[in-house]
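Student: The lines below spell out each chain.
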Amino acid sequence: MEGRPLEESELVERARHGEIASFEELVRTYQSLALRTAQVITGNDADAQDAAQEAFVKAFYALGRFRSGSAFRPWLLRIVANEAINRRRAAHRKANLVLRAAESRLPDGAAPSPEAAALAHETEREVLAGVNRLRHDDRLVIAYRYFLQLAEAEMAEALGCPKGTVKSRLSRALKRLEGQLSAEPSPGLRAEEVRG
Amino acid sequence: MDALSRPDLERTLMEVGAHLADPPAADLAVAVGRRLEREASAGARPGRLRIRRPVLRARFDWRVAAAVAAAVAILAAGILVASPGVRRAVAGWLGIRGVRIEVTPTPPPSLPPSGPQAIHLGPPVSLAEAERDVGFRIVLPSTAGLGVPDEVHVQPLYISEQVFLVYRSRPGLPTAGATGLAALVSEFRAQPDGAYYKKLAAGTGVVRFVRVHGEPGYWIEGGHEVWYVDANGVPMQDTARIAGNVLVWQHGDLTLRLEGAFTEAQGLRIARSFG
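Those sequence lines, one after another, are chains F and V.
Mapped onto this note's numbering, the consecutive letters of the first sequence carry residue numbers 2 to 197.
Mapped onto this note's numbering, the consecutive letters of the second sequence carry residue numbers 85 to 359.
The hints are simulated quantities; they were obtained by calculation from the structure and are not laboratory data.
All values derive from a computational prediction rather than experimental measurement.
Partial list, computed: chain V residues near chain F (C-beta under 10 Å): (1) Ala87; (2) Glu99; (3) Leu104; (4) Ala105; (5) Pro108; (6) Ala109; (7) Gly117; (8) Glu123; (9) Pro207; (10) Asp217.
Where chain V lies over chain F, by a calculated footprint (3+ residues, C-beta under 8 Å): (11) 22-36; (12) 43-57; (13) 126-132; (14) 169-181.
Every residue, glycine too, gets a C-beta built ideally from N, C-alpha and C.
Take the sequences, apply the hints, and build the full model.
Tutor: Right, here's the structure in full:
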C-alpha cells in the first residue's frame with residue numbers, strides 16, 4: 002500500500018518463493034478491500050467471504066506469474082472480482098448492500114441539523130437502492146470509483162480493460178443508475194435497506 | 085426522489101461509500117494460511133491448478149514447451165480421447181496460440197442450472213459499439229441461418245476485450261439445453277503471452293484436433309471447465325456457458341470459440357463460414 006512499497010514487494014517476493022507467512026501478511030493488508038469488492042458483486046456477506054478466501058488461495062498459486070514491480074492491489078482485485086462473479090452466477094442472488102444505521106455514524110465536523118442529516122441519509126439510501134438494482138458489472142465499476150476510490154489507471158488494471166474504456170464503462174453505469182433512480186423503487190426492497 | 089445532478093450523484097456515491105455497512109470482520113489470513121499449509125503438505129491441489137508452489141515464469145515456460153512437444157506426437161494421430169493412458173502421455177498442456185487444453189483426472193464441478201439467467205454476459209451493445217470496445221473487426225458466420233447475431237455483448241472481466249455473439253433458437257440447429265440458444269460465439273485477440281485455457285475431465289470429454297481454413301483448432305465434446313489466463317498471468321475460472329460442445333480455432337490474429345449443441349460436422353461448417 003501507499004507509503005510502504007518496499008515492504009510489500011518484499012512480501013510478494015517471499016510469497017512467490019512459497020513463504021506462506023509472508024502471504025498471510027498480504028492477506029491481512031488486503032482482506033477488507035477484497036471483502037468489500039466481493040460483497041459489491043455477490044451482494045451478500047457469506048458468498049463474499051467464501052469468494053475472498055478462495056481468491057487469496059488462487060492468488061497465491063498465481064504469484065509465480067505476477068510481474069515483479071507491478072501493482073499488487075489491482076492484480077489481486079481482479080482475481081477477487083472473478084471469483085465473486087463465479088459465485089454470484091451460481092447462486093443468482095440479488096445485491097443487498099446496506100448503509101450503517103444513521104445513529105451509529107460519527108457526527109460530521111460541520112454538524113448539520115438533524116433534519117439535514119436525515120435528508121442526506123435518505124438520499125444516500127435511495128441511491129444505494131438504485132446501485133443494488135444494477136447489474137454486477139455496473140456495480141463493480143461504481144464501487145471501484147466511488148466506494149474504494151481507485152484511480153483510473155488502477156481501475157483499468159483491476160477491470161482488465163484499457164484506460165479509455167474505464168471512462169466509458171463508468172459513464173454507462175452512471176447513466177443506468179440515473180435510469181434506476183428516476184424509476185419507482187420496488188416496494189419489496191425498502192424494509193431491508195438499512196441495517197444497524 | 086428528485087433527480088440529482090451528475091456532480092450531486094457522484095458526491096452522494098462517495099458518501100454512500102463512506103457509510104456502507106462493513107462486511108463482518110473476518111481474519112482470512114489464518115484461514116488462507118492454514119489451507120495453503122494443508123495443500124502444500126498434501127501435494128498437488130486436487131482438481132485445481134497442479135502447481136504446488138507458485139511456479140516462476142521460466143520454469144513454467146519450460147513445462148509448457150515440454151508438454152507441447154509431447155502433444156505434437158499425439159496430435160499427429162489426429163484424435164485425442166481423454167483416457168488415462170493418453171493423460172499420462174500428455175501430462176500437461178496441449179496448446180495452440182491463445183488456447184491451451186489440459187486433461188485432468190478429476191471431473192469438473194457440476195454446471196450451474198441452465199436457463200436464460202445462467203448466462204451473464206453484461207449489457208447488450210450494438211455491433212458497432214462492440215467493435216469500438218474490442219478494437220478489432222468482428223467476424224460473423226454466414227451459414228445455418230446464423231448471420232447477424234440476436235445480441236452482442238462485450239465482456240471485459242475475463243479476457244480483456246472479448247465479444248460474445250448470441251444466436252437464439254432457430255430452425256436447422258439444435259437448441260442447447262434450457263438456454264434457448266442455438267449458438268454462442270466468442271471472439272478475442274490472443275495475446276502472445278496470454279492464454280485461454282480449457283480443462284477437460286477424463287473419460288467424459290473428447291478433444292479432436294481440427295483445421296479450419298488451414299488454421300488449427302479443437303473440437304471439444306462433453307463436460308469441461310474453462311480457465312482463462314490473462315496477460316498478467318492471472319488464472320480466471322469460468323464454467324462452460326451453455327454446457328454444449330465447443331469448437332475453438334484460430335482465425336487470423338483472433339481466437340474464435342463456437343459453443344452449442346450441434347455436431348462436429350455442423351460446427352465445422354459454421355466455423356468455415358466466418359468471414
